[in-house]
Amino acid sequence: MSTNATQAISNKAVDNKRYQGLILSIVAFLSLIALLLAFTFYTSNLLERNAVLMNESNRISNAAQAVIKDLFDLENSYGEDMRSPHMQTVLARLKQNSQVISEGLPIMRSGGEINTATGIVKVSAASTQTALQNLDIADEQWKLLNPRIQSYLEDADDIQVDSSDKLFQAATQARTSSLNINSALDSLVADTASVTNKQAATIRLIQIIGVAVIFTYFLIFVFFFVRRLRESDEQALSAQRETQEIMQTVNTGLFLLNKDLKIGNQYSAALERIIGTNRLAGESLSSILRNRISDSDLKTAEAFVEQLYNPRVKEKLVNDLNPLHKVMLHDGNGTSQSRYLDFSFSRVYDDKKITHILVNVNDVSDAVRLEQRLEKERAQNDRQVEMLTTILNVKPQVIHDFITNTYVRIEKMNDILKNPGSSQFELEGKLKSIYREMHSLKGESSALKLHSFTKIASEAEDRLHSLQNQAKLSGNDFLPLTVQLDELLNLSHTIKGLGERINATQQTPNAYTDTHNTLQYQNTPNPTINDDLMNAKEEFGDYLVEFGADIAQRQGKNIQVDISQMTDIYIPRSVANGVKEVCIQLLRNAIVHGIADSQTRIKNNKNPVGKVTISFDTDTNATDSRFFVFTVEDDGQGIDYDAIREKLLNSNKYTKDQIAQFSQAQLLNAIFSSGFSTKESADEDGGRGVGLDIVQERVKEYGGKINVQSEKGQFSRFIVKLPI
Amino acid sequence: MHKLMIVDDSNIIRNRIQRAYNNNEFLLVATAENGAKAIEKFKVHRPNVVTMDLTMPNMDGLECIEKIVKIDSSVRILVVSALSDKATGIRALSLGAGGFLCKPFSEEELVLALDELMSD
Numbered sequence: 000m001s002t003n004a005t006q007a008i009s010n011k012a013v014d015n016k017r018y019q020g021l022i023l024s025i026v027a028f029l030s031l032i033a034l035l036l037a038f039t040f041y042t043s044n045l046l047e048r049n050a051v052l053m054n055e056s057n058r059i060s061n062a063a064q065a066v067i068k069d070l071f072d073l074e075n076s077y078g079e080d081m082r083s084p085h086m087q088t089v090l091a092r093l094k095q096n097s098q099v100i101s102e103g104l105p106i107m108r109s110g111g112e113i114n115t116a117t118g119i120v121k122v123s124a125a126s127t128q129t130a131l132q133n134l135d136i137a138d139e140q141w142k143l144l145n146p147r148i149q150s151y152l153e154d155a156d157d158i159q160v161d162s163s164d165k166l167f168q169a170a171t172q173a174r175t176s177s178l179n180i181n182s183a184l185d186s187l188v189a190d191t192a193s194v195t196n197k198q199a200a201t202i203r204l205i206q207i208i209g210v211a212v213i214f215t216y217f218l219i220f221v222f223f224f225v226r227r228l229r230e231s232d233e234q235a236l237s238a239q240r241e242t243q244e245i246m247q248t249v250n251t252g253l254f255l256l257n258k259d260l261k262i263g264n265q266y267s268a269a270l271e272r273i274i275g276t277n278r279l280a281g282e283s284l285s286s287i288l289r290n291r292i293s294d295s296d297l298k299t300a301e302a303f304v305e306q307l308y309n310p311r312v313k314e315k316l317v318n319d320l321n322p323l324h325k326v327m328l329h330d331g332n333g334t335s336q337s338r339y340l341d342f343s344f345s346r347v348y349d350d351k352k353i354t355h356i357l358v359n360v361n362d363v364s365d366a367v368r369l370e371q372r373l374e375k376e377r378a379q380n381d382r383q384v385e386m387l388t389t390i391l392n393v394k395p396q397v398i399h400d401f402i403t404n405t406y407v408r409i410e411k412m413n414d415i416l417k418n419p420g421s422s423q424f425e426l427e428g429k430l431k432s433i434y435r436e437m438h439s440l441k442g443e444s445s446a447l448k449l450h451s452f453t454k455i456a457s458e459a460e461d462r463l464h465s466l467q468n469q470a471k472l473s474g475n476d477f478l479p480l481t482v483q484l485d486e487l488l489n490l491s492h493t494i495k496g497l498g499e500r501i502n503a504t505q506q507t508p509n510a511y512t513d514t515h516n517t518l519q520y521q522n523t524p525n526p527t528i529n530d531d532l533m534n535a536k537e538e539f540g541d542y543l544v545e546f547g548a549d550i551a552q553r554q555g556k557n558i559q560v561d562i563s564q565m566t567d568i569y570i571p572r573s574v575a576n577g578v579k580e581v582c583i584q585l586l587r588n589a590i591v592h593g594i595a596d597s598q599t600r601i602k603n604n605k606n607p608v609g610k611v612t613i614s615f616d617t618d619t620n621a622t623d624s625r626f627f628v629f630t631v632e633d634d635g636q637g638i639d640y641d642a643i644r645e646k647l648l649n650s651n652k653y654t655k656d657q658i659a660q661f662s663q664a665q666l667l668n669a670i671f672s673s674g675f676s677t678k679e680s681a682d683e684d685g686g687r688g689v690g691l692d693i694v695q696e697r698v699k700e701y702g703g704k705i706n707v708q709s710e711k712g713q714f715s716r717f718i719v720k721l722p723i
Numbered sequence: 000m001h002k003l004m005i006v007d008d009s010n011i012i013r014n015r016i017q018r019a020y021n022n023n024e025f026l027l028v029a030t031a032e033n034g035a036k037a038i039e040k041f042k043v044h045r046p047n048v049v050t051m052d053l054t055m056p057n058m059d060g061l062e063c064i065e066k067i068v069k070i071d072s073s074v075r076i077l078v079v080s081a082l083s084d085k086a087t088g089i090r091a092l093s094l095g096a097g098g099f100l101c102k103p104f105s106e107e108e109l110v111l112a113l114d115e116l117m118s119d
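Going down the list, the sequences are from chains A and B.
Be aware that the first sequence starts at 0, since it is given in numbering that gives the first Met the number 0, and climbs by one per residue.
Be aware that the second sequence starts at 0, since it is given in numbering that gives the first Met the number 0, and climbs by one per residue.
Bound-form chain B, shown alone (with noise of 0.2 Å):
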């Protein structure tokens, strides 16, 4: 079972991803607000699968992506996020980032890109 973090500002999205996969595949361990605390929380508990906003107060998804693969290269992100511009995705691609889903996201898409996230 693969153990998974949430990191969104939005309570909304926290919930609706939380929605769509609490279940057999996948065990939530922890949800976090914003960057700074996504570090805390995964140092602690050490998610294999974190789903990542971009746009986050007090560190944005980019840095704590970079942090995060970091303490784990063997983890694999998934950024959800509106993807402003085509350099934000290739950036975060760089920094580790395994897949994208795009704002706003039905929960089949979101079942998808997940699986896809964790093909091979």
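Isolated chain A, as found in the complex (with noise of 0.2 Å):
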């Protein structure tokens, strides 16, 4: 996307460009005109200039003319009044005339200002060669005869001289000086016109050059640039054509997107089809995304575009935060499957501003579903690893025996699931006989670490737990747990026949000769009942032992499970499983309720490591004894009575007094049933209250007995007699 903004820059750049062209050839033009203007007006005031110069020499010419005119007037009228009008007004004319050359000669030489009857004129000086020589010839005539008329004029006026001579001398000098300055003038203003001629002509040619080349420039001036703009339409034309089959083609939604979050006006084709919704410019993202997305993703995505047009907060960083990553969108239709969209945002700059957002949209529901499935699989896969795990380190037996365990309690508890039950009681009864198939269940597959399986059954007790609690039960509480059972029981197939694959490559010749396998029957008086027999510590004590560990790492305690005594005994099968599934509860009760963390230990001077001791009668063996016995000792606390006393006081079911009177039997009695536990709270090792009531029912389905012996700080001590 950088790409793009810098594109749009060099774009502005180029503009600037092409207009700094364009306003440099307006200004080349108009100073063309501008010159040419100049020009005509620089011309026309050297032509004035000429114009007024020739005036003033035809004004003086004139008036050289009437001052020999009046001077021949006043000769011819000599001797007549000189008082009358008439004569003083030639007089009068020629003392002004005289004063008209006299003032305007030097004028015309060096420039001035000259009063004139139409105001005053200013005269350029005579610049020409020859208009300076005529110029001459006349101030030199005029000097010859300007002292004859002034003489004159000194003594026109009064009679009593006689003036006659002076004027006769005047007119005389008049005669040849006013012809000659006549001449020169007429020579110079001849000069001048010429001058004037030749101007006027090549002032003419070069406007017409001037408006020529100006005319010529505007041509190519308009030519160029309507090329130039043809060519930059053409290209935008072309752009926009890329653009809209960009948008057209392309199969991921994009769109700009505003501060007000309107979707601009282009946006590509795929957008509708990817939204769902057709005619989307101007449209705003919140309320095409309104109930098809959480309420509280709107109102987030909402804030965080405002923050991605917040230019102090880095756009990375944003970024991390978009709600729309693989958002699930609700189409209203429940029937199709949801979809998954994803919305990537980057910012689109103009010279360092954020404009707008530019948002990419794709439909990535595939790769989402694709990316759950590879989960479930990976799940799936981490759960067979861990069977082929426990089936790999665990006796064949031992897993032969707890798919078999297993298959008969999933069926116990269809059978249970299946059986009606309608009054409360019936139902309660129910929800104890499958809570307790569960958590034996649990309690076995914990043993064989086989987690995924405890996960379930762990779930299933949960559900179960909160039906304990619920004040009316119904048959429907029951349906959820099925599909619960339907998962144990695939899982069991699963462990099944991995199990049975496994065995299938171990029965290849060399592959597995492990001694364990063979039963080594030294202390058996008599081989032929060896398939009735079980060796305890091969088949059931060192799997007792990562039990009793994996529980105490759990509950984070230090304790160790001491089976050495279990070397060399054979357990009877027919009470085998009974056995194991009662020791399993056992050593579980002693490391969760029995035996304290270290800490606590060491507090009341005894090992920071507990020890769970489990031990068998060896009289057993011997074939003649009617039951087997073992025992499941702890080096803990002892049997805390005042606990289970609290307990039941808190579980209303009896008063104060009644508790008070209970014996050590009586309360004992009490931890064997159902629904009881002094742990606070419940997890996959206990608290929920069965473990010992199922220690109780098989105990009782086995026809044997259970004694308990405790001493509070010491140990607890359950010894079990199981008839064989």
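The hints are simulated quantities; they were obtained by calculation from the structure and are not laboratory data.
Please note that the accuracy of each hint is not assured.
As the list claims (entries may be wrong) - No farther apart than 35 Å at their CA atoms in a straight line, the calculated lysine-lysine pairs in the DSBU-like style are these:
hint : chain 1 : residue 1 : chain 2 : residue 2
1    : A       : Lys352    : B       : Lys2
2    : B       : Lys102    : A       : Lys298
3    : A       : Lys68     : A       : Lys142
4    : B       : Lys85     : B       : Lys102
5    : A       : Lys417    : A       : Lys495
6    : B       : Lys42     : A       : Lys352
7    : B       : Lys69     : A       : Lys298
8    : B       : Lys40     : B       : Lys2
9    : A       : Lys352    : B       : Lys66
10   : B       : Lys36     : A       : Lys352
11   : A       : Lys298    : B       : Lys66
12   : B       : Lys69     : B       : Lys85
13   : B       : Lys2      : B       : Lys69
As the list claims (entries may be wrong) - To list a few chain A residues with every Cβ distance to chain B over 12 Å, as calculated:
hint : residue
14   : Pro84
15   : Ile158
16   : Gly263
17   : Arg291
18   : Gln371
19   : Ile415
Unchecked claim - Restraint ranges, calculated between C-beta atoms of paired labels, are given here:
hint : chain 1 : residue 1 : chain 2 : residue 2 : range
20   : A       : Gln469    : B       : Ser72     : 26 to 36 Å
21   : B       : Ala81     : A       : Arg500    : 40 to 50 Å
22   : A       : Ser337    : B       : Ala81     : 27 to 37 Å
23   : A       : Lys704    : B       : Ala81     : 52 to 62 Å
24   : B       : Ala81     : A       : Arg272    : 36 to 46 Å
25   : B       : Ser72     : A       : Arg229    : 49 to 59 Å
26   : B       : Ser72     : A       : Thr354    : 18 to 28 Å
27   : B       : Ala81     : A       : Asp381    : 18 to 28 Å
28   : B       : Ser72     : A       : Ala37     : 35 to 45 Å
29   : B       : Ser72     : A       : Tyr18     : 32 to 42 Å
30   : B       : Ala81     : A       : Ser237    : 21 to 31 Å
31   : A       : Asp381    : B       : Ser72     : 46 to 56 Å
Built from N, CA and C at the ideal position, the CB exists for glycine as well.
Two chains, two frames, a set of hints: combine them into the complex.
Here it is, written out as structure tokens:
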């Protein structure tokens, strides 16, 4: 997207350059016109100056003629009364014309202002050689004539003085001088006129050339710029076409978003398909997404776009918080699969200013679903690996027993579920039975570290637990359980399948020669009954140790499970399952409830490592014994009868007085009942109060007995006797 | 050298940040375990870089960012928090935060986040 931004900036630079050229051309054009106008102004000024000079020359020439005429007039009328108006007029005129000539000639030479009848006229100095020569002639003649005229005029008014001589001299001089002045001035005028004509011709020529140049320039200018304009129009048009083609063809949703979250006018055709709405130009993104994504996501998206427009916030930083990354779209149509859209946002800059946000939308439903499927498959693979690990680490017989037990339990639970119960009492019984089975299942799978299996069982237990707390039960409450039973059944099939496949490979001659697999019967008096005996340590003890370590780790306790006494003990198959199950529950009980954490133990002056000893009565190996006896003992805090009393009190089943009168045996009975636990909260290992309930149930099933011994702060010992 | 203040209610996190960045480039001038104390110390020490937890007792991080920025808008604030949702992040940005570091973080991540915060 940064390339687009650069493009925009360079476009602007190109535009500026183009306009610069245009402006320069117009300036040059106007300068040309101004130059021509200035030239015209200057030359017309020059022509005017010549005209003034010619006028002045004519005026002086006229004055000179008038002077000679008046002098002749005066000569002819000599003797007449000089005071007559006519003579006065003539004299005045002579005087005035003389003055005109006296003043005019120097001004024509060196320039100046002259008062005429029409006003003040500015006269420029004569400049040509001929003009100056002629002026010299006129000057010279006037210097000869003027003194005589002045001398006559001094006496003319005085009748006492005879002025005829002076008049005669003036007139005589005037005859030649006036003529010379006139001809000199005439030639000056003619010369100036010819200069003027020449100048005028030159001016016209220059003006014509100037106009021609300007016109040509104008033509070139228009041609050039029209062409440039057309080129850029074509470019713009083809760019627009390209943009349109891109927008029509690109299969992602592209659009520009303004500050008010309005979609720009140009957007890719794919956008309508992806969003599922037509005519998006100018529409608000919020209103399009409203009710299709969650309200909180929408609100976050609005705040997000606002921050995208915030120049102080780094783009990458905001984008990390994109709430529309792989957002699920509810299309309002319940039947269709929900779709996932991925919106990505980029700032569009124009000269460091954020003008728009470019949004790219993709339908990533397939990708997301694939991801989900992969995730599911990965989880499945993990489960299989976990199962494989278990299968490879545990005796095949143990796995086989587990699977067999699980099938039996699931079938049992299914039967219970199928059995319609109507009364609350029946339903509660149903719940309790299923709870027990599920708990056993969980215990066994947990012992085998089949965590996925344990997780499902634990979830089912959670559900059952919440049902236990429910005031009124109905048959429908159990329905969701069938799903979990199904999952458990599927997992069992998988484990069974895996186990069989592995065993099949292990059957090959040299694949599996583990001595563990071969039962050793040194102590067995009669090898023929081998199949009826289970090697306690090999098939069971080792995994009890691991199971114990597992629980201890989860519970944050430091515990050692002692099975040293189990070596060379064989358990009759008839009670093996019962022994296993009861052992698991009692071991769990010992670790979770019996033994405190290391710190508490240190405080109580005990070894920080707690110890659970599982031992078997060796006498049971004697064939004539009627019972199989085993003991689970921990060196923990002993049975806390006060805690049991408190718990019973909290259960509101008994009054305070009743509880106070309970014997220890009665209290022990209570801890063996369903739903009782002194643990504060439930987890994978305990707290729901089912463990000891199962122990009692199994022992009852086998027709056995259980004996509890305990000393507060010292130990708890559970001795179980099962008839063979 | 930048003057650094660490605001976090967890002693462990404060120590971790301090260990990672009390070096030539940054000088630790104050630490605070809640927003109210942070404001007090900010006024006294005037740091130009602040690492800020969001969930704290006695004035949370968002409110604290808002107040600190009001005192000095040029301060750079790195939010160090287990960001619960994007909306909170965007809110922090709008108030003037300049970067994020999600808990838990490694030392390198912290160094990177601080470098990024101080860039440009």
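Cross-check of the supplied hints:
1. Lys352/A <-> Lys2/B: holds, 31 Å
2. Lys102/B <-> Lys298/A: Given that 35 Å is the threshold and the Cα spacing comes to 25 Å, the pair holds.
3. Lys68/A <-> Lys142/A: With Cα atoms ~18 Å apart, lysine 68/A and lysine 142/A stay inside 35 Å; holds.
4. Lys85/B <-> Lys102/B: holds, 15 Å
5. Lys417/A <-> Lys495/A: Measuring from Cα to Cα gives roughly 25 Å; hence the hint holds.
6. Lys42/B <-> Lys352/A: Roughly 34 Å between the alpha carbons, so the hint for lysine 42/B and lysine 352/A holds.
7. Lys69/B <-> Lys298/A: holds, 25 Å
8. Lys40/B <-> Lys2/B: holds, 12 Å
9. Lys352/A <-> Lys66/B: Holds, because 28 Å separates the two Cα atoms, which is no more than 35 Å.
10. Lys36/B <-> Lys352/A: Given that 35 Å is the threshold and the Cα spacing comes to 38 Å, the pair is violated.
11. Lys298/A <-> Lys66/B: Holds. Lysine 298/A to lysine 66/B sits at ~24 Å (cutoff 35 Å).
12. Lys69/B <-> Lys85/B: holds, 24 Å
13. Lys2/B <-> Lys69/B: holds, 18 Å
14. Pro84: holds, 104 Å
15. Ile158: Since the minimum Cβ distance to chain B is about 112 Å, isoleucine 158/A lies beyond 12 Å and the statement holds.
16. Gly263: holds, 23 Å
17. Arg291: The assertion about arginine 291/A holds, with a minimum of 18 Å to chain B.
18. Gln371: Holds: least Cβ distance 21 Å, greater than 12 Å.
19. Ile415: At roughly 43 Å from the nearest Cβ of chain B, isoleucine 415/A sits farther out than 12 Å, so the non-interface label holds.
20. Gln469/A <-> Ser72/B: 26 to 36 Å: Distance hint for glutamine 469/A, serine 72/B is violated at roughly 57 Å.
21. Ala81/B <-> Arg500/A: 40 to 50 Å: holds, 44 Å
22. Ser337/A <-> Ala81/B: 27 to 37 Å: For alanine 81/B against serine 337/A, whose Cβ atoms are near 29 Å apart, the range 27 to 37 Å holds.
23. Lys704/A <-> Ala81/B: 52 to 62 Å: holds, 54 Å
24. Ala81/B <-> Arg272/A: 36 to 46 Å: Distance hint for alanine 81/B, arginine 272/A holds at roughly 39 Å.
25. Ser72/B <-> Arg229/A: 49 to 59 Å: Since the Cβ atoms of serine 72/B and arginine 229/A sit about 52 Å apart, the hinted range of 49 to 59 Å holds.
26. Ser72/B <-> Thr354/A: 18 to 28 Å: holds, 25 Å
27. Ala81/B <-> Asp381/A: 18 to 28 Å: holds, 26 Å
28. Ser72/B <-> Ala37/A: 35 to 45 Å: The hinted range 35 to 45 Å is violated for serine 72/B and alanine 37/A, with Cβ atoms some 60 Å apart.
29. Ser72/B <-> Tyr18/A: 32 to 42 Å: holds, 39 Å
30. Ala81/B <-> Ser237/A: 21 to 31 Å: Violated, at about 53 Å.
31. Asp381/A <-> Ser72/B: 46 to 56 Å: holds, 50 Å
When held up to the earlier numbered hints, the structure conflicts with 10, 20, 28, 30 and fits the remainder.
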